[in-house]
Amino acid sequence: MMMSKPGISGRRRFDPFLLLIFLLVLLLTLILARAVCTLPMGGEGLAGEVARFQQQSGVESPVTAVLLNFRGYDTLLEVMVLLLAVIGVWSLATASFVKNSFATSPVQISVVRLLAPLMCLVAAYLVRQGTHLAGGAFQGGAVLGAAGVLLLVTELPWLSVVPSLLLRIGLLLGPLCFLAVAILCMFSGRQLLQYPSGEAGWIVLLIESACAVSIGLTLASLFAGGRPGGDVSDD
Amino acid sequence: MTNLLYSLGGVLLFTMGFFALIACSHPLRKILAVNVMSTGVFLILVASAYRPESAGNIDPLPHAMVLTGIVVSVSVTALALVLACRVQETSNLAFLKQQRNGSEESGE
Numbered sequence: 000m001m002m003s004k005p006g007i008s009g010r011r012r013f014d015p016f017l018l019l020i021f022l023l024v025l026l027l028t029l030i031l032a033r034a035v036c037t038l039p040m041g042g043e044g045l046a047g048e049v050a051r052f053q054q055q056s057g058v059e060s061p062v063t064a065v066l067l068n069f070r071g072y073d074t075l076l077e078v079m080v081l082l083l084a085v086i087g088v089w090s091l092a093t094a095s096f097v098k099n100s101f102a103t104s105p106v107q108i109s110v111v112r113l114l115a116p117l118m119c120l121v122a123a124y125l126v127r128q129g130t131h132l133a134g135g136a137f138q139g140g141a142v143l144g145a146a147g148v149l150l151l152v153t154e155l156p157w158l159s160v161v162p163s164l165l166l167r168i169g170l171l172l173g174p175l176c177f178l179a180v181a182i183l184c185m186f187s188g189r190q191l192l193q194y195p196s197g198e199a200g201w202i203v204l205l206i207e208s209a210c211a212v213s214i215g216l217t218l219a220s221l222f223a224g225g226r227p228g229g230d231v232s233d234d
Numbered sequence: 000m001t002n003l004l005y006s007l008g009g010v011l012l013f014t015m016g017f018f019a020l021i022a023c024s025h026p027l028r029k030i031l032a033v034n035v036m037s038t039g040v041f042l043i044l045v046a047s048a049y050r051p052e053s054a055g056n057i058d059p060l061p062h063a064m065v066l067t068g069i070v071v072s073v074s075v076t077a078l079a080l081v082l083a084c085r086v087q088e089t090s091n092l093a094f095l096k097q098q099r100n101g102s103e104e105s106g107e
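Residue numbers (numbering that gives the first Met the number 0), protein chains in the order written: chain A, 0 to 234; chain B, 0 to 107.
Among the clues, some could well be false.
[Stated by the list, open to error] The following label-pair restraints were derived from C-beta to C-beta distances:
| # | chain 1 | residue 1 | chain 2 | residue 2 | range |
| --- | --- | --- | --- | --- | --- |
| 1 | A | Pro195 | B | Leu11 | 32 to 38 Å |
| 2 | A | Ala133 | B | Leu31 | 27 to 33 Å |
| 3 | A | Leu117 | B | Glu88 | 35 to 41 Å |
| 4 | B | Leu31 | A | Phe21 | 53 to 59 Å |
| 5 | A | Ser95 | B | Glu52 | 52 to 58 Å |
| 6 | A | Leu205 | B | Pro51 | 33 to 39 Å |
| 7 | B | Leu31 | A | Cys36 | 41 to 47 Å |
| 8 | A | Leu165 | B | Met15 | 39 to 45 Å |
| 9 | A | Pro162 | B | Glu52 | 50 to 56 Å |
| 10 | B | Asn91 | A | Leu17 | 24 to 30 Å |
| 11 | A | Thr93 | B | Ser90 | 18 to 24 Å |
| 12 | B | Leu27 | A | Leu117 | 32 to 38 Å |
| 13 | B | Leu11 | A | Glu59 | 35 to 41 Å |
| 14 | B | Asn91 | A | Phe16 | 21 to 27 Å |
To be clear, the hints were calculated from the coordinates, so they are not data collected in a lab.
Being a predicted model, the structure only gives us computed values, none of them experimental.
Backbone N, C-alpha and C fix where the C-beta goes; we use that ideal spot for every residue, glycine too.
I would like the entire structure built from these sequences, with the hints used as guidance.
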């Protein structure tokens with residue numbers, strides 16, 4: 000057994016090659032640490048620049064302004080990456096949602112039943128709050144995703160009960176909403192993602208709400224680890 | 000100076016993950032190593048965003064990047080785990096086969 004296992008337990012013995020790698024990584028650590036220590040920490044970075052155009056962005060929180068207005072293109076691509084990850088996972092595996100051998104504790108079930116609606120409420124609050132304080136689509140989406148994961152580990156199989164078409168629309172809602180806004184901005188004679196002045200506030204909130212729903216569903220369906228069985232594509 | 004301490008912690012996390020990425024051969028360990036590395040990068044970014052001179056004490060740009068980066072790294076991890084499961088199902092390598100008990104579990 001020990002002889003035929005070179006992969007894991009073979010590493011435990013002294014390996015000069017591994018020692019060499021360790022020393023090289025140690026050297027890299029020192030170089031990186033020196034680089035971090037000599038970083039120009041003074042000044043205010045881009046904070047002043049952001050503060051100067053804060054009024055135009057339609058929101059009061061500087062992070063949300065950067066995320067969805069000044070660097071909106073970046074965020075658009077990142078939302079697309081999330082969608083691509085779900086497409087990749089769904090095309091590789093199907094989630095079976097079989098019951099585990101051990102029964103879920105009734106305490107856990109009732110706690111999750113209490114928590115899940117509360118978490119949806121918190122997610123909505125975080126999205127709303129993102130316009131003026133810390134919070135926003137990604138935080139709200141993460142809380143929503145956590146609620147979905149809680150339901151999944153308590154074996155309340157909501158992913159397989161929700162109609163598959165509805166689930167797909169939910170996953171696409173954020174990216175498509177973002178993309179539609181971006182293209183509509185172009186059609187009305189501006190640049191891509193250049194929101195009309197004075198109306199940026201509600202546009203940002205609209206994109207944030209749609210993206211939060213999509214991010215939450217994305218995270219929960221990634222946790223499920225595959226396409227729900229009995230899908231539209233199985234017909 | 001506290002933010003420098005956090006930055007150095009981030010560097011340490013990054014290189015620890017880097018070492019594990021090279022030294023460990025199992026795909027799951029490699030995925031975990033990349034996760035530790037990305038956590039180190041996020042820590043450096045957030046720590047270096049602290050600007051005591053500016054208005055809100057922070058530079059919002061790195062914060063926005065980390066915010067999206069965390070969610071993207073979670074989804075990339077999920078995709079990598081599903082790929083690793085497929086590799087384990089189809090691989091003939093001995094060290095992948097040995098640990099195949101209850102490998103149906105996949106997910107985040």
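Against the structure, the hints come out as follows:
no., hint, result
1, A/Pro195 with B/Leu11: 32 to 38 Å, "violated, 47 Å"
2, A/Ala133 with B/Leu31: 27 to 33 Å, "holds, 29 Å"
3, A/Leu117 with B/Glu88: 35 to 41 Å, "holds, 39 Å"
4, B/Leu31 with A/Phe21: 53 to 59 Å, "violated, 18 Å"
5, A/Ser95 with B/Glu52: 52 to 58 Å, "holds, 56 Å"
6, A/Leu205 with B/Pro51: 33 to 39 Å, "holds, 35 Å"
7, B/Leu31 with A/Cys36: 41 to 47 Å, "violated, 28 Å"
8, A/Leu165 with B/Met15: 39 to 45 Å, "holds, 43 Å"
9, A/Pro162 with B/Glu52: 50 to 56 Å, "holds, 54 Å"
10, B/Asn91 with A/Leu17: 24 to 30 Å, "holds, 25 Å"
11, A/Thr93 with B/Ser90: 18 to 24 Å, "holds, 20 Å"
12, B/Leu27 with A/Leu117: 32 to 38 Å, "holds, 34 Å"
13, B/Leu11 with A/Glu59: 35 to 41 Å, "holds, 36 Å"
14, B/Asn91 with A/Phe16: 21 to 27 Å, "holds, 25 Å"
Violated hints, in rising order: 1, 4 and 7; the structure is consistent with all others.
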